[in-house]
Amino acid sequence: MVEEVIATKHRVFPYIISSLSATFPSKPSSKLTTMSHHQNKTLIFSYGTLKRGFPNHPLMEDLASHNDAVFIGPYVTDLKLPLVLGPYGVPFLLNLPGSSRHRVRGELYSVSDSGLRRLDELEGITRGHYERLPITLRSESGGVTEAEAYFGHRSFAEEMWRRNGEEGYDCYSEELAKEYVRRDLRPKDVSFRDAVSLFCSTNN
1 MVEEVIATKH RVFPYIISSL SATFPSKPSS KLTTMSHHQN KTLIFSYGTL
51 KRGFPNHPLM EDLASHNDAV FIGPYVTDLK LPLVLGPYGV PFLLNLPGSS
101 RHRVRGELYS VSDSGLRRLD ELEGITRGHY ERLPITLRSE SGGVTEAEAY
151 FGHRSFAEEM WRRNGEEGYD CYSEELAKEY VRRDLRPKDV SFRDAVSLFC
201 STNN
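Counting with full-length UniProt numbering, you get residues 1 to 204 for the letters of the sequence shown.
It is worth saying that the hints were derived from the structure and are not from the lab.
Note that the coordinates shown come from a computational prediction; the quantities given were computed from them, not determined experimentally.
A couple of the hints might just be wrong.
Claimed, not checked - Using C-beta positions, here's what the derived DEER-type ranges look like:
id : residue 1 : residue 2 : range
1  : VAL144    : SER201    : 23 to 31 angstroms
2  : GLY73     : PRO187    : 36 to 44 angstroms
3  : ASN203    : VAL181    : 18 to 26 angstroms
Glycine residues also receive a C-beta, built at the ideal position from the N, C-alpha and C atoms.
Between the sequences and the hints, there should be enough to build the whole structure, so can you do that?
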């Protein structure tokens, strides 16, 4: 299955999910779905709230139910990259290779074009929240795969890293997820970008 999905993907590049988040109930799934072959597929590395058992995974379940996503398996970043928490406990993978001591663990999905549009909207790539970039991953057996991930936007990445004391995590865990604040519970009069700026400007 993995070889078939990777062989049929139309485009992947060498270079995160967290994920800004619409509100979804939490219920894990390990559903595997075969997507229709006429759509292009993009390999997406999920490291945050879109993972199985985490707050926004129901979106991935919905994509799978419409043949727009396939779970491939656990993967880890080839390079050491910072994984930190921002405002509202939102996880960010930062495109600052070599800054962290950790390779980041997550999940790999094959996503259709229509599914990718929904993920792009969730991650706010047109609003400067995240940017989808190439990433190189390794499987549990050591095989190398090129995919894409949603990284915290470059406009605040270095500030976010400093704000976290230049200390990151190797995975987004259930313990870290306790800090996550759902979108509907956040202040309505503060944009997420403003919340990021305020977070980065305060002392930790």
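Do the hints match the structure? See the list:
1. For the pair VAL144 and SER201, the beta carbons lie near 39 angstroms from each other, so the given range of 23 to 31 angstroms is not met.
2. In this structure the hint that GLY73 and PRO187 lie 36 to 44 angstroms apart at CB holds, the actual value being about 38 angstroms.
3. The hinted window of 18 to 26 angstroms between ASN203 and VAL181 holds, with their beta carbons roughly 20 angstroms apart.
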